[in-house]
Amino acid sequence: MEDREARRLIETYADMILRISTHYLKSSFDAEDICQTVLIKYITSKVEFDSPTHEKAWIARTTINCCKDELKSAFFRKTTILEDIEVIKSYAEPGLGVTEEVMKLPRNYRMSIFLYYYEGYSVKEIADILGKKETAVMAYLSRGRKKLRFALEGDQYYGK
Amino acid sequence: MENRIEQYCKATDNLSFTKEAKERMIENISKISTFETAGTRKKRFSIRKTVVLIAACVLVIGTVALATGKANKLSVSNRANSGTRDFEQLSRYEKEARMDIKAVESFSNGYIFQYMSTMDATSLDDIGNKYASAPAIKMHYTCKGKEDVDIIMTPLSLNREMYAESIADATQTKEIHGTEVYYSLEEWLYAPLDSLTDEEKAREKTDSHFHVKTGSAYDKRTTYFSAGAYFDIDDVIYSLATQTDMSADEIFAMAEEILTSGQ
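As you go down the protein sequences, you meet chains G and A in turn. Position 7 (the first sequence) corresponds to 7 in the working numbering; numbering is contiguous. Position 5 (the second sequence) corresponds to 5 in the working numbering; numbering is contiguous.
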């Protein structure tokens, strides 16, 4: 592969793959391996795309599939949240509090919130990427928001 | 809450690989993927070629019958995390796919083994009902200046009927060391809506090796070819497929090298 194409793939998708896998696995321990696995699948697959949006969605779906495989792996023992390891720039304030709360949500909730608010995908697109029904994604978003609101602003509810 | 979402997005922005990690990955994937040709990457956004490829694979694996209510298609998909570039791993893949196959690392016409993977093969009917599933093996070969060749091995038990129908429709047949090898050459015409001539419409109805796709997505008329060969040994169907008009003689020669491998 030309170095230029490898660079395009990494520059365009590496951080997105890292963010998806970190949200899915609640860990960034294997992010570099997952990123390379996804891009090797891209390179070796015969899948063709009719637009950059289509390509991005394929990468997102494949990343989620790789994360599922990772969870099945006997080697997956890391459950720590937001590890700061040498390959990854750590989260910085502000926002660590809310991010930690997002990470505490159930997997489908936090993935839906990430894809909706951060990546800007529609409910339909998220349903396609996660392999869920649109109604399920709407429920994940609604319940996720509710849980977040409670976690972040609970003190207000209790009059503190 | 909106403010919190904004904070979350800003924090997520900061979650990124270091420059050193990115450079390391660029170096790694540049090395790993040297087998892919520039031509393949250029086709990334071509829908038409995809259709040809899928059609070629389906053709070679076998789909002729159109009657609903019986399996007439074989869907093959890569098994997650399966694949190796080490030809010596063949026995491990045979074990995983529960098949004993014949294979070569290189062909005398220049094609060289690049990788193999285990696949999941499923027989389907017209409306997508699943009939049976079994593991399959795919081997990928490349040759500089030529289109890639895929060889897919599937159990005969999975698609015996489809295979019988496919070989009945073959363009040419040759017996090689006691094994019948079947060759098909398919022509694919992609054309804008309402642009088919009467002759093309008539040919589409009568020539089972001529396929037409029309639609607004096709702004000009383009013709592609796909060629394939198939044969069976010890209850395993071997399907060779390529997206060119590779000649029967060349494909038969490749089949012969497979048939005589290990002798």
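Please keep in mind that the hints were generated in silico from the structure rather than gathered at the bench. Remember, it's a predicted structure, so these values are computed and weren't measured experimentally. Check before you lean on any hint, since a few could be wrong.
Unchecked claim - Which chain A residues face chain G? A few, computed with CB under 8 Å, are given here:
(1) Gln7
(2) Phe17
(3) Asn109
(4) Gly110
(5) Tyr115
The beta carbon of each residue, even a glycine, is placed where N, CA and C say it ideally should be.
Quick rundown of the hints versus the structure:
no., hint, in the structure
1, Gln7, "holds, 4 Å"
2, Phe17, "holds, 5 Å"
3, Asn109, "violated, 22 Å"
4, Gly110, "violated, 21 Å"
5, Tyr115, "holds, 7 Å"
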